[in-house]
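Note that numbering that gives the first Met the number 0 numbers the sequence shown so that position 13 is 12, with each residue one more than the last.
Watch out, some of these pointers could steer you wrong.
What the hints assert, rightly or not - Subject to a maximum C-alpha distance of 25 Å in a straight line, what follows is the list of computed DSS-like cross-link-like pairs (lysine-lysine): (1) Lys172 <-> Lys5; (2) Lys5 <-> Lys84; (3) Lys36 <-> Lys86; (4) Lys86 <-> Lys72.
To be verified - Here are the computed distance ranges between Cβ atoms for each label pair: (5) Ile69 <-> Trp182: 44 to 50 Å; (6) Val25 <-> Ala204: 45 to 51 Å; (7) Thr90 <-> Arg4: 17 to 23 Å.
Rather than coming from a laboratory, the hints here were simulated on the basis of the structure.
This one's a predicted model, so the numbers in the text were calculated from it and none came from an experiment.
Backbone N, C-alpha and C fix where the C-beta goes; we use that ideal spot for every residue, glycine too.
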Amino acid sequence: MPSRRKTATFASAFFTCICSFVMICVVLATQHWMSSKVRFSGTNSSITISLTYGLFSGTCEQFVDVGLQISEKTFQVADNLSNTKVKSMITAIIVILVLSLLSSLLSSGFTCTNAVSNPYQTFLGATGVYTWNSLCGIFVLTAMILFPVSIEENGLSIELANGCFSFLQTQIKSEHTYGYSYWIMLLIIFLNIASIIIIYFYDHARYSRKKEQERPIENAPKDVILF
Numbered sequence: 000m001p002s003r004r005k006t007a008t009f010a011s012a013f014f015t016c017i018c019s020f021v022m023i024c025v026v027l028a029t030q031h032w033m034s035s036k037v038r039f040s041g042t043n044s045s046i047t048i049s050l051t052y053g054l055f056s057g058t059c060e061q062f063v064d065v066g067l068q069i070s071e072k073t074f075q076v077a078d079n080l081s082n083t084k085v086k087s088m089i090t091a092i093i094v095i096l097v098l099s100l101l102s103s104l105l106s107s108g109f110t111c112t113n114a115v116s117n118p119y120q121t122f123l124g125a126t127g128v129y130t131w132n133s134l135c136g137i138f139v140l141t142a143m144i145l146f147p148v149s150i151e152e153n154g155l156s157i158e159l160a161n162g163c164f165s166f167l168q169t170q171i172k173s174e175h176t177y178g179y180s181y182w183i184m185l186l187i188i189f190l191n192i193a194s195i196i197i198i199y200f201y202d203h204a205r206y207s208r209k210k211e212q213e214r215p216i217e218n219a220p221k222d223v224i225l226f
């Protein structure tokens, strides 16, 4: 059976890993990654398309210059994308987040196992926790980088606006605001870092105690050596 200190330490890390897992589920499930206002020129006036969307679906509203709402509709992101490059980018982000979800689940399993037992294999201990939490953080950070690239470089919001209303003309201006679904990923990274730090301090303290117990005899007091 593990010591009380080990149980408490890995139980704390298990809590942060589970929180990370839940947060990734929230990121995938909610549709508040981006809020955009895209302005297009019209025959007699300009038209503004307001979009709020995530990785799978969203809503779009159409306004004329005076702020009068003309129409509103929901849409599926994949159905509104005609650009293969943009669609591939969104697919890649989803796959990366699913991989981070699996990494977080494995990290939770490893920390739970160590909280209730002493695994024989080294990788099932602190090494495994470091590995899976690091991978999860890297996956989430990659998703955080790819999504702005799809917005700024590949014109994701403009693509979606054109998919909602096919008669739109020249795009004049666009404004983008990242929603809570996107910023939650920062919290996930911090949770992964917290898990690694918790286990690191425990592992470091355990290693220090072990080295003290294995001190060479030359470090012992002279009277002990004479005895």
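The hints, checked one at a time:
1. Lys172 <-> Lys5: violated, 56 Å
2. Lys5 <-> Lys84: violated, 48 Å
3. Lys36 <-> Lys86: The hint holds at about 20 Å.
4. Lys86 <-> Lys72: Holds, at roughly 21 Å.
5. Ile69 <-> Trp182: 44 to 50 Å: Between isoleucine 69 and tryptophan 182, where Cβ atoms are some 31 Å apart, the hint is violated.
6. Val25 <-> Ala204: 45 to 51 Å: Violated, at about 34 Å.
7. Thr90 <-> Arg4: 17 to 23 Å: violated, 45 Å
This entry does not satisfy hints 1, 2, 5, 6, 7, going by the numbered hints stated previously.
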